[in-house]
Structure formats: structure tokens, C-alpha cells
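A.B. asks: Note that the protein sequences, when read in sequence, are chains G and C.
In this text, residue positions in the first sequence follow our numbering: the first is 1, and each later residue adds one.
In this text, residue positions in the second sequence follow our numbering: the first is 1001, and each later residue adds one.
Where hints are given, some of them may not hold.
[Unchecked claim] With a straight-line cut-off of 27 Å between C-alpha atoms, the simulated DSSO-like cross-links for lysine-lysine are:
#1 1073/C with 86/G
#2 88/G with 1100/C
#3 1089/C with 276/G
Hint data in this document are derived by calculation from the structure and do not stem from the laboratory.
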Amino acid sequence: MLNVGNVRMPVCRGHGLSRRSFLSAGTAGLAGLVLPDLLKLEASGAVKSKNGSKIRNCITIFLVGSPGQLDTWDMKPDAPENVRGKFKPIQTNVNGVRICEHFPLMARHMDQIALIRSLHHKTGATHENGQRWMMTGHDFNPDSVKPHVGSIISRVYGPKGDMPANVILPGKIGNTGAGDFHGQTAGYLGSAHEPFFLNADPARPDFKVGDLDVPPGESSSRLDNRKRLLEQVDELQRRTETRSTTQHDASYERAFRLLFSSEAKRAFAIDQEPEKVRDRYGRNTFGQSCLMARRLIESGVRYVTVNHFDTVFGLSCWDMHADGGGLNNTYLDYERHLCPQFDWAFTALIDDLKQSGLLEETVIAVLSEFGRTPQVNGRGGRDHYPAAWTNFLCGGNIKGGQVVGSTDKIGSRPNDSPIEPPQVIATIFKGMGIDLDTTMMPGPGERPIRLVEAEPIRQLFA
Amino acid sequence: MEQKFDGTPKAELRLEGRRVTRSDVANDWGLMLRWVVKRDGKEIATVAARADATYEHPDKTPGHYEIELQTWKYVNYAKDAKGEFTVSKFVTISNVVKYKI
Chain G
1 MLNVGNVRMP
11 VCRGHGLSRR
21 SFLSAGTAGL
31 AGLVLPDLLK
41 LEASGAVKSK
51 NGSKIRNCIT
61 IFLVGSPGQL
71 DTWDMKPDAP
81 ENVRGKFKPI
91 QTNVNGVRIC
101 EHFPLMARHM
111 DQIALIRSLH
121 HKTGATHENG
131 QRWMMTGHDF
141 NPDSVKPHVG
151 SIISRVYGPK
161 GDMPANVILP
171 GKIGNTGAGD
181 FHGQTAGYLG
191 SAHEPFFLNA
201 DPARPDFKVG
211 DLDVPPGESS
221 SRLDNRKRLL
231 EQVDELQRRT
241 ETRSTTQHDA
251 SYERAFRLLF
261 SSEAKRAFAI
271 DQEPEKVRDR
281 YGRNTFGQSC
291 LMARRLIESG
301 VRYVTVNHFD
311 TVFGLSCWDM
321 HADGGGLNNT
331 YLDYERHLCP
341 QFDWAFTALI
351 DDLKQSGLLE
361 ETVIAVLSEF
371 GRTPQVNGRG
381 GRDHYPAAWT
391 NFLCGGNIKG
401 GQVVGSTDKI
411 GSRPNDSPIE
421 PPQVIATIFK
431 GMGIDLDTTM
441 MPGPGERPIR
451 LVEAEPIRQL
461 FA
Chain C
1001 MEQKFDGTPK
1011 AELRLEGRRV
1021 TRSDVANDWG
1031 LMLRWVVKRD
1041 GKEIATVAAR
1051 ADATYEHPDK
1061 TPGHYEIELQ
1071 TWKYVNYAKD
1081 AKGEFTVSKF
1091 VTISNVVKYK
1101 I
């Protein structure tokens, strides 16, 4: 059987996809299977929604700016001083695996984490290139903007209940230097599968999700009336319906559902968490976003992305150029702010999900754009370097306590098992329980395509 | 988005012999935590305090010792020409415990 979204298509024994089922699949794609269609099909029993809901969830933590591999998870203590940097490695709870001294809690969780030390890409060293690779699995093509991984999940599996399938916290990535395409849109999948951006800081005492508040001067019943009026207008429009108007409908429907959903209101009520739990994640924008990610997964969101920072300019972030100007992050920012902040929140998330039994149902992927130069620059920083870096995964059916690949003596290129971004995306999908050989989605022009053109890293699965 | 650090962190220290134990940090900002050790009023050591809640300073040089817990307070990332932060700084978030050798 072949899955196009949640629709199962018969395949000829020994000959792959039958012509009849391929045409059917194409028709299913052409029909769009946007959210309302999917719901109708589910309601009629034509789609096995239970099948779709069996896939696991994913929380991606995206380290905007990108930590240096030599200062974090691929240390080279025997390298020359201007390569090894200022920090020292510590032993983790996995024999032979050492990481930076400023991740002492992560070191105690290493048996649950799989490090990928041979990650690299071959395009330009801009933040945006790395963001697009790691969030879509593709190089940039302005004529066919590729969808965010969470939008693919939204398209293929749809939402669970009232909650959106794909949420990005606390807000979208803004200016990182070279353009507006950061890989955090639905791309050609259309507006029905755009991520839901929180656009609010859950660390603020006055935190509210703007989209979930009835606007001042409006009552719920008045909004209900407006929705009914909108539905009547939509009914007229459907006589000349196109795919884009259908998607527009789905966006409205999603917004209204969210606005009136008690489930959504409950999920976003982070102030209902015990104080000790909020402390354990860290009373800061990133920590509380990680906590919010856990709440959203519990409430039915399938894919949550936490952006650790939304820019690289004028604040403490991973982009350690030490340039003395607008990009003046240094080892001190790593030591006092960034590493401890990440270590505290990331391990809280692992512990919390594990305690509630959700870690096996949730892949956690910690991703970044590239590595940083093996040699410390003249100002004491490191610059962009896409030829080698380390990211990591845990949870779901990922086998922790192991390292994929290695780099040479100065962390400048993969030594063995070179891994490219699409393989990481394929691994996330497989970690979520998706069979990439039988699951497809409508690509540009609605032709069924694989979710990503790469194979998962087999070593990471038991 | 401006980075928000909410509340005022606070922890309680307890001393048993030379061994100091901290409580969990209430309103923990999640940034660097460190023990600051002073002897006869002069700072002699700073030690990472995030991973473990207890610490015993190994130095047995005679003198009056004081230990307190500090956290990093991020305001902004501005630094001077030497690379030191100009506004962000470490702040004390605990009582001070004292012993004499």
C-alpha cells in the first residue's frame, strides 16, 4: 500500500504502484485534500485518521546563529590552542563521549541522545541557507519555495482536534542577514499549512496569545454571527472555487476553531504550571518556550519548533563573531548565558517528557545552520562554517547514547559517515514512525512525491 | 523579540562543616550559577554550581571563609574594548554562609 496523506493506495505486487492507483493518487493530490476535505473524509470514514494519529510528534529546537562545533559537542582538546578554543571537555554518561564542560546536565542525559558530528552542507555560509536546509531538507529555489517540515506533517496528517498541526515558538525568525526566506513557511503547500506562530513571549507575566483573544469590542456571539455570514459568502464563492480559495477557507476555519477552542486556551495557559516546573525550564523566553512546546504536544500539536532567538543582531546568541559591533558574541556569552540556558531547558524537556511517558512519542531534534570556523579569528570569535558541524536527536524511536560520524583533527570536515541535511530530516520522519517508502505528499503541481529525497541514518534506529 | 527574564532568583544556603548545600533556585533564570568563595574578605574562587547542589571548598588555608551563590544577570550583550560585559553582570541570589579554619 502507498499512503498519499492518509489515503492508502494499492500497489501492484512486485511492480510497485499500479497505473490505476497512481492516477487515483494524482487525483487525490489534485483534489488538494486540504483540511476541510480531510475532515469530511474522516467524518465519512473514508480516511483512517487513527492511522495518521499513530505517528509520533516532534519538537525541533533551532539554535539560530549556530554554535561552534569545537566549543560544544565536537571538542578537540589536543588541537592547537587557536583551534581547540577556551573550553574543556567533560565525560558524559556514555563511555568515550565527551562534550563541553558548560553542558553538565546534558552530559548526564547522553545515553538518551544521538550526536551527529559529521553534518555538513555545500552551499553558501549564510544563516538563511542553513535554515532552509535544516527546516525544509532542500536548497533554496525561489520558483518553488519548499515547505517547513512541520507544514509537511500538517499536509500529510492534518491536525488533531482543534490544535494546529504545526506551531513555531515564540515567533518567526526575523533578520539574520541575507534575505527573508528562512524555511519556516508552508511554501507550495499553501496557506492552509502555514505554521501557527505564537508571536508572544511565554516568559512574560502578562503573556497572552493574541490570536486567541476576542478583539476588544467584539463578543463571542457577534463573532459567531460574523462566522456564519462568512460561511454564506464562502458558499457563494464555492461555485467558482479554485484551490487557493479552498485553502483560504481552511485558514479561516483554522483561525475560528482556535479562537473558540477551550483546548487551545488550556494548552496556552502556561501559568497553570507549578512554579517549580517553570523554574526547572528557566524563567526566560527560551526556557518557557520549551515548556510551552511540551504543553502543545500534550494537547495534540504534532510538530513544534522552538527558535532559540529570532535574530543574530544586537543580542547574546550563538553567532560568535566577536566583531566588536553588532555581532559581538564571545566565549563569555557562551559560558554565562547560552550554554547554561540551553543545558537547563533542554534537559528539563527530556526529563519532563520522559516522566509523562511522552518521550517515546516525541522526537526532539536540536538543529542549527552550520558550524563555525576551526580556527579562532583574530578577535577571539569564530565565523560561519558549513563544512562540518554537530546536531543531535533524541526521543521517539531514536537510539540514544551514540555518535554518528566524526570530523578530522581540527573539526574542519567529516572524517567518516558524512551526513547532509536532508538525511537528518529523513531521520526525523523515521523517528516519528513515518515509512518514507510508502508515504507520499502532493508536490508542486500536485504530483505525489516523497516527503524528502534522502534516506534516514540507519544507525540511529535500534 | 526582546529576551525576557522574569522574577527575582532566590536560593537558600545551608552549611554543615565546610560543606555548603543550596536549595533549588526560585525564579531561576536558567543562566550560569556559581559559588563565590572569599577568604578574609577577598574573592579566591568561583566554581560552577549548576550541576550539583552541594560544594565543599578544598582549600584549608587558615582564615575566615564566606560562600555565596550568584547567577548571571543578562541585560544586554554590550561589552567594552577588553571584551568584558558593561551592563550584564553576576548578582548574588542567596544568603552568605561563613566558617573559620
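A.B. asks: Checking against the hints above, which ones are violated?
C.D. replies: Of the numbered hints given earlier, the structure breaks just one, which is hint 2.
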